[in-house]
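K.L.:
Now for the letters of each chain:
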Amino acid sequence: MLAENAINNAPDNLFLYGATHREVPLNLREKLAFTEERLIDFYRKTRGHPHLGELLLLNTCNRMEIYGVAPQSALFSKEILRGSLSAILSLPRETLDQCLQFSMGKPVVEHLFNVASGIDSLVVGEAEILGQVKAAYATARTEDTIGPLLNRTFQKSFQAAKWVRTHTDIGKGQVSVGSVAVELAGHVFGDLADCRILIIGAGEIAERTLTSLQGRGVTNVTIANRTYSKACEAARIFHGRATPLEDIETAVREADIIIGSTAAPEPILTAPKLKSLLAKRPLQPLFLIDLSVPRNFDQNCENLSNVYLYNIDDLGTLARDNLKARHKEIEACRKSLELRATHLWERLGSQIKSSKF
Amino acid sequence: MLGFFFEDRTLMALGALLYGIAFFFVLLFVRRDRSHPPSITYGIVVLGWLLQTAGMYLRGLEVGGCPLGNAFEILQFVVWSLVLLYLVVGSSFRVSLLGFFCSGLAALLGLFSLIPAFDQTRREWMEGVSVWIELHAALALFSYGVFAILALVSAMFLLRDYSLKKKTFHGVFHFLPSIKQLEEIKYRLLVTGLLILSVSLLLGGVNWSQGEGTLYTNKFISTLALWLCYLILMFLRWRQTLQPASQAWAYIGLFLIALITLGPVNASRGAFAPVPDDSDTSSLNETTPSQSGPISPELRTSH
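First to last, the sequence lines map onto chains A and B. Quick note: the first sequence, position 158, residue 157 per numbering that gives the first Met the number 0, numbers continuous. Quick note: the second sequence, position 28, residue 27 per numbering that gives the first Met the number 0, numbers continuous.
Source of the hints: derived by calculation from the structure; they are not laboratory data. A hint or two may mislead.
[Claimed, not checked] Below 20 Å or equal to it, Euclidean Cα-Cα: the simulated SDA-like pairs (lysine to any residue) are: (1) K323/A to H173/B; (2) K323/A to H166/A; (3) K30/A to C98/A; (4) K164/B to E301/A; (5) K323/A to R31/B; (6) K327/A to F28/B; (7) K164/B to E182/A; (8) K166/B to K272/A; (9) K166/B to D313/A; (10) K165/B to R319/A; (11) K166/B to Q298/A; (12) K165/B to G172/A; (13) K165/B to E345/A; (14) K279/A to W237/B; (15) K166/B to A244/B; (16) K165/B to E182/A; (17) K229/A to N219/A; (18) K171/A to E183/B; (19) K44/A to G185/A; (20) K161/A to R33/B; (21) K171/A to H173/B; (22) K155/A to E345/A; (23) K272/A to L303/A; (24) K166/B to L303/A; (25) K279/A to E183/B.
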């Protein structure tokens, strides 16, 4: 029934109804967010509706978008969706009108290609969005709300996203402090699997950095904290070892990467102290990541041979530089994606014409 | 006209030109922070090496042995060894940009060797020369190739160290391998080069002690000093008493010295059996043995 409806519709009936971070502030986007239950509820309420054809709902932190193919009038489909959303999200229709944008035809394809490629993301070039689009596509397939037109369009968007990531620099360089730290660790050690990490203190950024490092294969983790019980708790979560802050000298001697994240008013590691601790391992590089303000590691440590010190400002600067470089790539990506979208649009048109005869 | 392209010097010059093309090809990419297609770079270097090998083969046929008779041939042999090592060993190291640096140095040395004065004396036929002596010479120069790569890897190490210290990662800095990887490769190359040079010296020593060949004091002292310097560096590396950056500078410096020692090596080989290429260059062929002169085994035993 769904496939039959869809194939009889021209691609002009392709529509998009939704809100993104570009137009809608966070406080309103929160109200539009779909939980898993709401999502299933949405598909159940809309599936098989005579005035709604193919449907796919993409819900992320930065967007809530419904891609669809109207069996008859796209505007009529929009009105039905408006009512469904109002009921599911418990929002007045006027609020939805303030937030949600509606578009039809080729711009929808172009927009989807931009979204899947990360061009339209808050953090330009981020790769997670492609996974989110794929997950939304999989859910819609499971709910049987996808027909040939959306199927083809989304498959092509995945290909376009892959092409953009491979052939442009849109995803080059890391743009978060944690990821930048991991990338730098790669410049020092190459393979991180054998690296020994020492975390001094605790903190959200430190934990995120450690999670990123573990994502690159790091397993040898030691956590030092002034409160030993906190170190033990963190060690349990990150499958590491705990050590009291007073006994960190041995851990420093053995560490390849040290992350400082304490609230200590004075540096924990000074250059002379570090020099004496590293005397027995002059050939082994040491990467210091200082995420604290005030700083945990004396700035003079960076003058020691084979020691590489990066503080929170250094990491932030690198992240911003990478983001700027990504922004420079946007225009080139957009042009390529526009060409691909045009090509697909023409193919979809000819496909529909040939299927009518 | 076509015969010109099949002359040994032309082929070797084309080889050097291709190394230069490979270098600039990669440079175009890294300057724009883009990764280069490694297969194309590798292909250009392979083609250059094949042309150089063909040129050296023709020269080898002409002299009846390994072409190591003058500065041109010696430099070409060092370049040939350097590129061979990159092609065989470099790919297993998986070091990005090693080909870039390698082709740059190969082009530089290869083109430098083409200075006409370097190739004005030629040995025409090497009949009667001990195979072991030739192997000794070839191994010694091959070790120079290893030390050339060691110097390149050291330069890469210093650039990576600079980029990490100065917190800059654009252009060539973006693609450099990690500090740890470069340090490990440095050590492996040092051991390999030292081993090959040791075998070469051993072969030369055994040969000389058996009464074959002639020992030239300048060549002997310079080569032995070089060997000793590398040995000391290996000892310091083993004792962990020299910082990695200082080591890298030492390897680069020593390779430059090694290039200078090619002078005494060439002088000794020129005196070994020079045969004038033609009558016009005969005056240039009269290479004078070093002031200290050759030491025959008989002379040594009489002491």
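K.L.:
Looking at the structure, which of the earlier hints fail to hold?
P.N.:
8, 13, 18, 19
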